[in-house]
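Chemist: Read off the chains here:
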Amino acid sequence: MSELNPNDRQLIATEYFDGALGPEELAWFEENGLASDPVVKETLEGARGLRELVRRGARPEPPAALAFYWERVRADVQGVGRAGARPMRASWRWATPVRVLATAAAVLVGIALVLPRGGSMMSTVERAESRQPGLYTSVVPARGASVVWITGLEYLPEGYVLR
Amino acid sequence: MRKCGTPAHGPQDLFSVKHLMSTSVKTAVDGDENPAERHRQWVTRAKTGEEEAFRMLFEEFFPKIYGMIFHMVGQVETAEDLAQSTMVQAWRRLNQFDGRSAFGTWLYRIGVNTALDHLRRRKNRPMESLEVAAEAGIEPAVNPEPPGGALDDRELGAAIDRALQKLTPEHRAVFVLGEIEEMAYEDIGRVLKVKRGTVMSRMHYARRHLQRLLRPFYERAQS
Amino acid sequence: MRWLAVAWLGMAGLAAAGDTRAEPWPWGALVLARMDEGPNDPRLEKYLPDLKRVFGYRRYEIYGQAWGTGPANAESIVLPTKEFFVKLRPRGEGNRRLGFEFFRNERLLVEGEAVMPVSAPLFITGPEYGHGKLVMIVEIRDVAPKGR
Chain A
1 MSELNPNDRQ
11 LIATEYFDGA
21 LGPEELAWFE
31 ENGLASDPVV
41 KETLEGARGL
51 RELVRRGARP
61 EPPAALAFYW
71 ERVRADVQGV
81 GRAGARPMRA
91 SWRWATPVRV
101 LATAAAVLVG
111 IALVLPRGGS
121 MMSTVERAES
131 RQPGLYTSVV
141 PARGASVVWI
151 TGLEYLPEGY
161 VLR
Chain B
164 MRKCGTPAHG
174 PQDLFSVKHL
184 MSTSVKTAVD
194 GDENPAERHR
204 QWVTRAKTGE
214 EEAFRMLFEE
224 FFPKIYGMIF
234 HMVGQVETAE
244 DLAQSTMVQA
254 WRRLNQFDGR
264 SAFGTWLYRI
274 GVNTALDHLR
284 RRKNRPMESL
294 EVAAEAGIEP
304 AVNPEPPGGA
314 LDDRELGAAI
324 DRALQKLTPE
334 HRAVFVLGEI
344 EEMAYEDIGR
354 VLKVKRGTVM
364 SRMHYARRHL
374 QRLLRPFYER
384 AQS
Chain C
387 MRWLAVAWLG
397 MAGLAAAGDT
407 RAEPWPWGAL
417 VLARMDEGPN
427 DPRLEKYLPD
437 LKRVFGYRRY
447 EIYGQAWGTG
457 PANAESIVLP
467 TKEFFVKLRP
477 RGEGNRRLGF
487 EFFRNERLLV
497 EGEAVMPVSA
507 PLFITGPEYG
517 HGKLVMIVEI
527 RDVAPKGR
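Top to bottom, those sequences are chains A, B and C.
Per this note's numbering, residue 1 is the first one in the first sequence, and the count goes up by one each step.
Per this note's numbering, residue 164 is the first one in the second sequence, and the count goes up by one each step.
Per this note's numbering, residue 387 is the first one in the third sequence, and the count goes up by one each step.
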């Protein structure tokens, strides 16, 4: 134990905390009474406190419209974008294929959404486009409304106060 | 397989993905009860071109990959885009998956690398940074200090996400995979292609940094 | 010919008198969609099925709402918040074809054209907000705001 400097003790405590010590290392850890070493104890307490805090914090909600993303993935893989992975929105040279794919996916989702209702009066978006770099739009007809779906907008943190 | 966070050291939470990472087949193989075997079957079917099989993989993994990437990049829409990109890459490269690791490990490797690539590119595009946006006059109303009243989990979650963004991407990746996704050091090493010792030291320094950043919340939670 | 003119004017007058409804007027709301449980804004009741179907969140609250600055047959700005708003312009006559522009502050995010019958809403997605999302609802209503 005396061979270990404080930094080494902290690292071993980290492994111990994470359950990453092998049987022999664990036995050595216990035989040397490292659990009662002040540096190790402090490291363990800090890690434990942080873990409790992290697990208490709210998780990001999963994406709500899973079907929408599935259709986008499907369209991307099976459509014109075979040459590479789905591009990032800020890459302007990909903007057109992304719009095409997003629109195709949105139409597929839209058809699924609108089918059960039939021909009631609803708004119809004939065109929606953005000239802002990094923004692209899709039109999704729902049963009772049309949706202009914009992706690429800047995230607003919780509590952001709109003017 | 050893996991981060054994029961002796803390509770297993609802967001664990460890069952997705397991490569061992414990008992008689039953596709419905053994996630690894279920994934293997879906992968096999998807490789033959069966779209429905990949859709099953998508439905199981997309929310988890999204959650992991969200912690990496700190932005909902970017995380959705990157998670989508991860699934697209996985589908296209499915024939390269040889089954030596769990499908989840392979997929997380694609997801983490996608997120890290994005973060490296973002370094050169400062307007995407929330901090720069704040300088431009967009002032988040979230108080960086804990509120005076009871500690709100949602506020705490936002503070944790902000603190995570202050780690280097490499330290953040280890912390997210180990502490939030509850992956074992060995699996983290496979995902990030680094040695076990590197995982350990990054985890240690990530924790220390986060403890400093979150100290006010930590003290409040203690009280 | 005079009788024809009188008849024409009379019919026009009757038609005008028969149409007791106000001229259509745009209305809009900026909605905050959230995943947590809680009461929905009762003013959103008619939109909830579509909002839930399309966006999948559990709770919908109005962040701000406003009538347009003019009727649907003229240029109108629907300003539920100063930050996010929509400009509408009529395109052609009679069929409720409108040009729309969605702004954040002075920045034009999206522009387009839509046919918008009365009471048929248009949703425009805004940015993610915390763990939720902002959605702009624009609708032509068959009632004018008070005082118009």
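Be careful, since some hints might not be right.
[As the list claims (entries may be wrong)] Which residues of chain C face chain A? A partial, calculated answer using Cβ under 7 Å:
hint : residue
1    : 426
2    : 428
3    : 434
4    : 436
5    : 438
6    : 465
7    : 469
8    : 471
9    : 496
10   : 498
11   : 503
12   : 507
13   : 509
14   : 510
15   : 514
[Said to hold, decoys possible] What follows is a set of in silico ranges between Cβ atoms, one per label pair, in the way DEER data are often shown:
hint : chain 1 : residue 1 : chain 2 : residue 2 : range
16   : C       : 492       : B       : 218       : 18 to 24 Å
17   : C       : 429       : B       : 280       : 42 to 48 Å
18   : A       : 129       : C       : 503       : 44 to 50 Å
19   : C       : 432       : A       : 129       : 25 to 31 Å
20   : A       : 38        : C       : 448       : 42 to 48 Å
21   : B       : 379       : A       : 66        : 32 to 38 Å
22   : C       : 432       : B       : 260       : 32 to 38 Å
Derived from the structure by calculation, the hints contain no laboratory data.
The model shown is predicted, which means the values in this text are computed figures rather than measured ones.
We put the CB at the ideal spot given by N, CA and C, even for glycine.
Chemist: Look at each hint and say if it fits the structure.
Modeler: Now for the hints, and whether the structure bears them out:
With a least beta-carbon distance of about 15 Å to chain A, the hint placing residue 426 (chain C) at the interface is violated under the 7 Å criterion. Interface restraint check: residue 428 (chain C) against chain A, minimum CB-CB distance 18 Å, threshold 7 Å, status violated. A least Cβ separation of about 10 Å between residue 434 (chain C) and chain A goes past the 7 Å threshold, and the interface hint is therefore violated. Taken as an interface hint, residue 436 (chain C) checks out: its beta carbon lies about 5 Å from the nearest beta carbon of chain A, inside 7 Å.
Among the interface hints, the one on residue 438 (chain C) is violated; its C-beta lies about 9 Å from the nearest C-beta in chain A, farther than the 7 Å criterion. For the restraint placing residue 465 (chain C) at the interface with chain A, the shortest Cβ-Cβ distance is roughly 11 Å, beyond the 7 Å limit, so the hint is violated. Against a cut-off of 7 Å between C-beta atoms, the interface hint on residue 469 (chain C) holds, since the closest Cβ of chain A lies about 4 Å away. Hint status for residue 471 (chain C): violated, given a least beta-carbon distance of 10 Å to chain A, over 7 Å.
With 7 Å as the threshold, the beta carbon of residue 496 (chain C) comes within range of chain A, its nearest partner Cβ sitting at about 5 Å, so the hint holds. Satisfaction of the interface hint for residue 498 (chain C) is found here, the shortest Cβ-Cβ separation to chain A being roughly 3 Å, below the 7 Å cut-off. Hint status for residue 503 (chain C) relative to chain A: holds, with the closest Cβ pair at about 5 Å, below 7 Å. Evaluation of the residue 507 (chain C) hint against chain A yields a held restraint, the C-beta minimum of about 5 Å falling below 7 Å.
Given hint, residue 509 (chain C) at the interface with chain A, holds; its Cβ is 4 Å from that chain's nearest Cβ, closer than 7 Å. With a cut of 7 Å, the hint placing residue 510 (chain C) at the interface with chain A holds, because the nearest CB-to-CB distance is about 5 Å. With a cut of 7 Å, the hint placing residue 514 (chain C) at the interface with chain A holds, because the nearest CB-to-CB distance is about 5 Å. A C-beta distance of roughly 43 Å is found between residue 492 (chain C) and residue 218 (chain B), which places it outside the suggested range of 18 to 24 Å.
Between residue 429 (chain C) and residue 280 (chain B), the C-beta spacing of about 44 Å keeps the proposed range 42 to 48 Å intact. For residue 129 (chain A) and residue 503 (chain C), the hinted distance range of 44 to 50 Å is not satisfied, since their beta carbons lie about 23 Å from each other. Between residue 432 (chain C) and residue 129 (chain A) the Cβ separation comes to about 29 Å, which falls inside the hinted range of 25 to 31 Å. At roughly 56 Å, the beta carbons of residue 38 (chain A) and residue 448 (chain C) sit outside the given window of 42 to 48 Å.
In this structure the supplied range 32 to 38 Å holds for residue 379 (chain B) paired with residue 66 (chain A), their Cβ-Cβ distance being about 36 Å. Against the hinted window of 32 to 38 Å, the Cβ-Cβ separation of residue 432 (chain C) and residue 260 (chain B) comes to about 48 Å, which falls outside the hint.
Taken one by one, the earlier hints fail for this structure at numbers 1, 2, 3, 5, 6, 8, 16, 18, 20, 22, listed in ascending order.
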